[in-house]
Amino acid sequence: MTSKERAKREFSLVINGEPKTLRAHPMERLLDVLREQLGLTGTKEGCGEGECGACAVLMDGALVDSCLIPILQAQGSNIVTIEKLAGDARLCALQEAFLECGGAQCGICTPGMILAAQYLLNRKPRPTMEDIREGLSGNLCRCTGYTQIFEAVAEAARRGVSA
Amino acid sequence: MRSDPADCELVAPANLQAAVSLLADDPGSWLPIAGGTDLMVQYAAGTLRARKLVSIWNLPDLRRVEVLPGEIQIGAGCTYTDLREHAVVRDEFPLLVRAASWTGGIANQNRGTLGGNIVNASPAADSLPALLAYGADLILISVRGERRLAYRDFHVGYKETKLAPDELIRAVCLPRHFAGYVSYARKVGTRSAQAISKVCMAALARVEGGIVYDVRIAVGSVAPVPLRLTETERILDRKRVEPSIVALARKTAAAEIRPIDDIRSTARYRAAVVSNLVAEFLEKLRAGDRP
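These protein sequence lines map, in sequence, to chains W and C. My numbering numbers the first residue of the first sequence as 68 and each following residue consecutively. My numbering numbers the first residue of the second sequence as 1218 and each following residue consecutively.
Calculated directly from the structure, the hints in this document are not laboratory data. One should not assume that every hint holds.
In silico DSSO-like cross-links for lysine-lysine, where the CA-CA straight-line distance does not exceed 30 Å [claimed, not checked]:
#, chain 1, residue 1, chain 2, residue 2
1, C, LYS1468, C, LYS1501
2, C, LYS1379, C, LYS1501
3, C, LYS1379, W, LYS87
4, C, LYS1376, C, LYS1501
5, C, LYS1269, W, LYS75
6, W, LYS191, W, LYS151
What the simulated footprint calls covered on chain C by chain W, stretch by stretch (three residues with Cβ under 8 Å from a Cβ of chain W suffice, anywhere in the stretch; the number is not a length) [what the hints assert, rightly or not]:
#, region
7, 1221 to 1235
8, 1238 to 1248
Heads up, the beta-carbon is just placed ideally off N, CA and C, and yes, glycines get one too.
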């Protein structure tokens, strides 16, 4: 075992409902652990500095950018990624609405958009358009345009999205 | 280039006492990290010099809000979301709530902390003018004990503060005597969310019979530290809002700031905006608006 390996520590988290134990350096980003160790590549890296929201996940129910979280601060937490929302063969209501409203194009921002939208709807099942704009203000899209995305969230809210 | 996680040590003490003990063992060698919204950006860019970090994220002693009869003590580890959701903060300190809502996006607000914003000491930080306007005090803690100082004395220069290497900010205290004050907050930037301000202002005053009292105007992004416009406040005190006083206040405000040209704006634009915001605040006072 190299000295770098020795500096790794063991962490336990619940990821998408499943308890996981893994070894990592305490400063490794949650984003890298999710993508590289656990193969959960639905979470994207955009800017890597908390500006774009592509790496958004839910940590203990709160929307966070996983690029800004050292894995040590996620110890013992409950993480939900896009793989949980989009887990089975059937699309979730938000995905369905994004598809119908043209809210996704290249797809890089979409997992973060959907997580941010889910977080919003968990807290405000009947959001106004202003709530939607604010809820998604930390998520950048460079191709679809925001109007279809906001409409998709409003449509999902109309249909009723359960957590 | 990103820093190598193997080169960085990060530990998580179980409580506040353990955190300050660690800082005291080797003052200056440990860097506290809370929500990471500033430090993890530096880490990702490879510009974070510290190699030993101590996590103070979610320490219960730092995440409490204590509501006392005369003041509210906000734990330095409270997030912007905590501030936005706290009933007393929402009712009595709308300037702070507005500033919290402008900070980053929702994900940043769930992680960024008030104490972190203060210690990071950016002159552009959105929450700091609100603390200046409310006349906040800070409680600092170390193994040597606690001390309390006025927030307005905390920043001594660009990114320089009075925090000793073995200290943490424990709480931010706001006096509860602003019921009935007119409050005014405005951020001028590329957009409200995410973008860093070109100018942000938080202002307060009491209006009785058309006369303004206890005027407090604080501005960010116009000097090396967040500023109270004390000269402008002085000339406005106990005056009626009339065109001549508005003109004088505009001129005084533009003269007492020290803005610079940078990637976000120019000194000239910032001075013009500050003068306009002062006029807008005074118009709100004249109209006798409530927050």
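Status of each hint after checking the structure:
no.	hint	in the structure
1	LYS1468(C) with LYS1501(C)	holds, 18 Å
2	LYS1379(C) with LYS1501(C)	violated, 35 Å
3	LYS1379(C) with LYS87(W)	violated, 43 Å
4	LYS1376(C) with LYS1501(C)	violated, 33 Å
5	LYS1269(C) with LYS75(W)	holds, 15 Å
6	LYS191(W) with LYS151(W)	holds, 20 Å
7	1221 to 1235	holds (count 7)
8	1238 to 1248	violated (count 0)
Going through the hint list in order, the structure does not satisfy hints 2, 3, 4 and 8.
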